[in-house]
Amino acid sequence: GQNIDQPTEMTATEGAIVQINCTYQTSGFNGLFWYQQHAGEAPTFLSYNVLDGLEEKGRFSSFLSRSKGYSYLLLKELQMKDSASYLCAVSSNDYKLSFGAGTTVTVRA
Amino acid sequence: TAGITQAPTSQILAAGRSMTLRCTQDMRHNAMYWYRQDLGLGLRLIHYSNTAGTTGKGEVPDGYSVSRANTDDFPLTLASAVPSQTSVYFCASSGTGEADTQYFGPGTRLTVL
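Protein chains in written order, with our numbering: chain W, 1 to 109; chain P, 1001 to 1113.
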C-alpha cells in the first residue's frame, strides 16, 4: 500500500518562512506533486519533482530526496493569502496519485 | 476556458436514494478521476478512467459506479446512498504522461441523511 505522511497543522507569521515535510513509502515512484487547497475550494497544482534536488518557483520551492523518500515544500515571505492546506501526492507505478492528508498552514499577522 | 465543471454544487440526499454526480472537462484530457475528501483522511481515489471506454477501481470503489462514454464526461453514480458517503467529491482530469498534472473541478458537497 501507499503511506504518505505530513504534519497536520503549522502556524507561522506573515513574512516568515515555513517548511512542510512529506515522507512517503509507495510501490513505485514516478514523481511527487504539491497542491494548494484553500478552504472550500479545489486543489490547485503548485509543483512537481521527479529528480533529486530543489525546484524553485517564485516564493515557493520544493525539494525531493528519492533515496530517503522525503520531500518538503518551502514557502517564503509568507502572505495572509498563503493560509491554506498543502497536499503532498505521489505518482506510483500506475501513474495514479496517492495523497497525504494535507497540512493546514495558518499565517498570522 | 471552463476547465472542469461539476454538478450539483451541493446536495442533500436521503439514504437509499440514488444520485449521479456529473463531471465535464473541455481540455481533451484522456484521463479522469473521482476522489472523495474527508476530514483527516485527505483525497482518496474512488474510480478512474485512462481513456474513453475504460474505467478502473481506485482505493475506495464500493458503493460507486462510473462510466466513460466519451472523452469529456465522467459521471459518478451512487446506486443506494448511505450516510458514510457523506463527503466532498472532486473530479479531476489529466494527460496520461508521468508528469501530467491533475486538474480538479470545484467539487460537490454531498450529505446523506
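The reader is advised that the hints may include incorrect statements.
Here are the computed distance ranges between Cβ atoms for each label pair [as the list claims (entries may be wrong)]:
{"#": "1", "chain 1": "P", "residue 1": "Asp1026", "chain 2": "W", "residue 2": "Glu14", "range": "35 to 41 Å"}
{"#": "2", "chain 1": "P", "residue 1": "Leu1041", "chain 2": "W", "residue 2": "Thr106", "range": "18 to 24 Å"}
{"#": "3", "chain 1": "P", "residue 1": "Leu1039", "chain 2": "W", "residue 2": "Ser65", "range": "25 to 31 Å"}
Far from chain W by the CB rule (all over 12 Å, computed), these chain P residues [what the hints assert, rightly or not]:
{"#": "4", "residue": "Ala1014"}
{"#": "5", "residue": "Ser1067"}
{"#": "6", "residue": "Thr1077"}
Hints are computed from structural coordinates only; laboratory data are not their basis.
The C-beta atom is built at its ideal place from N, Cα and C for all residues, glycine as well.
Going down the list of hints, with the structure as the test:
1. Between Asp1026/P and Glu14/W the Cβ separation comes to about 38 Å, which falls inside the hinted range of 35 to 41 Å.
2. Evaluation of the 18 to 24 Å hint for Leu1041/P and Thr106/W yields a pass: the beta carbon distance comes to about 20 Å.
3. Between Leu1039/P and Ser65/W the beta carbons are some 30 Å apart, a value that agrees with the proposed interval 25 to 31 Å.
4. A cut-off of 12 Å between C-beta atoms confirms that Ala1014/P is not in contact with chain W; the least separation is 25 Å.
5. Non-interface call for Ser1067/P relative to chain W: holds, since the shortest CB-CB distance, roughly 19 Å, exceeds 12 Å.
6. The non-interface label for Thr1077/P is consistent with chain W: the shortest C-beta to C-beta separation is roughly 21 Å, beyond 12 Å.
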